[in-house]
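**Q** Each chain, written out:
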Amino acid sequence: MIKGLKKWRLFSLLAVMTVFLAACGEEHLSTLRPAGSVGREQFNLLMLTTIIMTIVVVVVSIIYLLAFFRFRRSRVGENVMPKQVEGSHTLEVIWAVIPIILLIIIAIPVISATYKFADVSAMEDVNENGEKTALTVNVTAKLYWWEFEYPNQGIVTAQELVVPTGERVYFNLMAADVKHSFWIPAVGGKMDTNVENLNKFYLDFEKESKDLEEGVFFGKCAELCGPSHALMDFKVKTLSPEAFDAWVASMKATEGNTASAESTDLGEATFANSCLGCHAVSGVGVAGAFGPNLTTFGDRNRVAGFMDHTVEKTADWIMDPEYYKPGNLMTDKYNVTEEEAQAIAEYLMTLSVEK
Amino acid sequence: MSSVAQKKSFGAQVWDFLTTVDHKKIAILYLAAGTLFFAIAGLEALFMRFQLMFPESTFMSAGTFNELLTMHGTTMLFLAATPLLFAFMNAIVPLQIGARDVAFPFLNSLGFWLFFLGAVFLHLSFFLGGAPDAGWTSYASLSLYSPGHGIDFYILGLQISGAGTLISGINFIVTIITMRAPGMTFMRMPLFTWTTLVSSTLILFAFPPLTVSLFLLLVDRMFGANFFDHLMGGNTIIWEHLFWIFGHPEVYILVLPAFGLFSEIIPVFARKRLFGYSSMVFATILIGFLGFMVWAHHMFTVGLGATANAIFAVATMTIAVPTGMKVFNWILTIWGGSIKVTVPMLYALGFIPSFVAGGVTGVMMAAAPLDYQLHDSYFIVAHFHYVIVGGIVTALFGAAHFYWPIMFNRVLSEKLGVITFWIFFIGFHLTFFLQHFLGLMGMPRRVFTFMPNQGWDLFNLISTIGAIMMGIGVILLVLNVLLSIKSEPVNRRDYWGDGRSLEWALETPLPFYNFKQTPLVRGYDPYWIEKHEGNKEGMVYAEPLGDIHMPNNSILPLVMSIGMFIAGFGALYSPWGDQVIAGTAKGISPALSVGLLIFGIGMTVVAMITRSAKDDLGYYVTKAEVEATEKDLAHYRATGKKGGNK
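Taken in order, these protein sequences are the chains called F and G. Start counting the first sequence at 5; every next residue gets the next number (this note's numbering). Start counting the second sequence at -9; every next residue gets the next number (this note's numbering).
Where hints are given, some of them may not hold.
As a list, the in silico BS3-like pairs of lysine-lysine whose alpha-carbon atoms are at most 30 Å apart [unchecked claim]:
#	chain 1	residue 1	chain 2	residue 2
1	G	K621	G	K526
2	F	K136	F	K120
3	F	K87	G	K330
4	F	K214	F	K256
5	F	K214	F	K317
6	G	K(-2)	G	K476
7	F	K87	G	K526
8	F	K359	F	K317
9	F	K337	G	K576
Keep in mind that the hints were calculated from the coordinates and are not lab data. Only a predicted model underlies this, so the values are computations on that prediction, with no experimental measurement involved.
One chain only, chain F, in its complex shape (with noise of 0.2 Å):
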């Protein structure tokens, strides 16, 4: 009777943990709203790991609070005399065995897990053309922000990262300078991008991100990069195939974008004179530029991954970087007057692939 009951509180205990759980935080940026299939597996290891151990915690603490109130020398007297127990081979070995249980019922998702989502050799598969099928992303960590590069269409974008739903997303992670680590919280954990070897993993991307309260996912940099290793965030936005082929092909089509020198916009004449040699404003091409690729910056939610997506905000960014991000590398690198920067922050909000 009572151990019945002792389970019905466990088991209401549990229930209202996970509704409690999967409640927690924001949409677009908790590990608790699996938004991918990599994200959701994590999450059921986590909810399967969480429910074993919380049994552990309940059942020791319930022992030690039976054996605490139980053997109070207050209840039990002040003269009494323990019996000097030595121990019992029978009580150790249950309490190595049952752990022992509880672990290989751990291991064994854990092990296929790891497995699965180790395999990234769908990368290399091709179609009869010789051309690759899977969706490959070429990340690069930079302090302090991230390109994004599509080898298999020949574009490259910078801080948002733009992905199909429904379709496995390959990455190759790399890092330019130190080291830091890619994460996506809702979608699926985390890989390291290292400064001397590329790391190769994949996740799933299910929920469009229009219906999301900010519109996009939230990513992370995960290991520490220096003073700004807080400030380069990243944004996600997952568009359903068709939108995203249209995305492309309007990314594709402004190969040969440039901006000049002798424009009457003051922004764009002042863009071409200072930001034109670290940033590009056509999406096609490689990696490997100095400064983000600026092709989507009216598109964005963000700028510099975390400031509100303003002319305003956009103008003091680029007057004072170092005030907001610490250590970023865009510092001194061009001198330009606050009416220049006022109009570079306009010129630069018409840049845009979805408009």
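Put chain G on the given structure of chain F with help from the hints.
**A** Chain G alone, transformed into the frame defined by chain F:
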């Protein structure tokens, strides 16, 4: 020769501490230094929590925050937890095994001074142009890139300090193996001695990899070598492996003695023999062994491949088995006992659920595919603080209350202790429990700020409030220590009334030679056995009263350490350093740099030669002097007055 007879001048007392080789005094030195650095690192933590109290806070700059997080981690692990545990090892282990000192008293002193001056060296970085800022793990690509001298302070400070720790570790191994009283077989050793032995063995094997990795980073940064520079064929992942081959056992170096302390506290206040002693010993050794085998679980996201991840995941999980055995053994020690809830017991009781909670999240992180989500998020911050604060810090606080009567012949106030415990304990859970959820909600660790509207605001605020409570708890503990100075001396043996092991058989204040006659150990829990056979002295003796051999004090350990300290500055400001050449850090002239190096190392070497050339055989306390000292002490205990008619 009496230990209590003369009232010494202040200068003489300072000199006494600078030159002492007495394990009890070195314990006090470790305790004082460890407390100092614990306070510094605690303040650093508080400042960080203030910064994270609200989103977009501008309380401090990003660079300062990174310096604080690096120094907090480095200081807490190397310069606070380690020395505080060494303090209790030094104070208690020789007494538990019936020894008059450690095996190498001179090295014991050298170990302390190297640790202390290395720590001071590291902390001078705050005043000399910037502290290290690449995290306590100092991962190579960032630590090579980091401008200024911060990382150089880290490398040299830890190198000096680590040498001290290694020396002390070796000392304890030799002490425990060779200096046990007659009859104290390995399987009669108290658990704290056992854990000290295993933990010292871990130090012996884990610190050399640290030394090597620091050395490689040193030559990379200062002499342009390319071990970790990937542009020149180096590999930063080698640093990660080397660091964690040291870094993972380091966790067990700290937590095993904490287990040992609880294994001493719980039986005393349960008035019952430790349940499953032999399985506790077995579990200790197994944890020590496995601690070495699982370092790569810190690197699941590095990209080692599925097979490596799977192997290290399963290997890591197995540690839960011996650890679980320990927890159940502690609970079964309570079961059927007669529990008295004193302050040390309160810490032990608080430890069990907190540590279990920290342990099970460890199993969760060991699940590699799940760790892809948890790694480097606030979840891990919560996990390891549950282990380190819930395990090690509670052990240290509990042990301080527990052993204070032996170490200082004073007691810490119970009332204040209980208040301290509750404030600290509630603050601790308030700070770290919610951090699990912050991690799951996508908050990376080591961030100096965060933007609003990510769902993190409230939990961060609560976390900071908890941290403030922990700070108040620590202040109360320090206050308790200060109040105890003026309190009544204890002057008795077995302060808690239910002492079991040999250290409780000694009457406080202890004479400087500990045991006037070496005890004979007739079983596990020797004092308990003697006490219950009606032996008033608490022990039987293995030898008649006679002359006692003791080591001489020496200033040489301090001189050697100062030499290394000076040489450290010669290396730090070397004009050939990468950062000096790049112009981000100050250098000095080649002559001055080499001069400092030669002078510093020369000073150490000269001190070593002096030590070797001069036969220092110690001295004998004659039987008459021992008798006089015992009489003095008895007089003092009876009347509270120092000195008889000396």
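**Q** All the hints need checking, so say for each whether the structure fits it.
**A** Structure-based check of each hint:
1. G:K621 - G:K526: At roughly 17 Å apart (the allowed maximum being 30 Å), K526 of chain G and K621 of chain G satisfy the hint.
2. F:K136 - F:K120: This hinted pair holds, its Cα atoms lying about 21 Å apart.
3. F:K87 - G:K330: Answer holds: K87 of chain F to K330 of chain G is near 16 Å, not above 30 Å.
4. F:K214 - F:K256: holds (22 Å)
5. F:K214 - F:K317: holds (23 Å)
6. G:K(-2) - G:K476: holds (18 Å)
7. F:K87 - G:K526: holds (22 Å)
8. F:K359 - F:K317: Judged against 30 Å, a Cα distance of about 21 Å means the pair holds.
9. F:K337 - G:K576: Holds, at about 25 Å.
The structure shown violates none of the earlier numbered hints.
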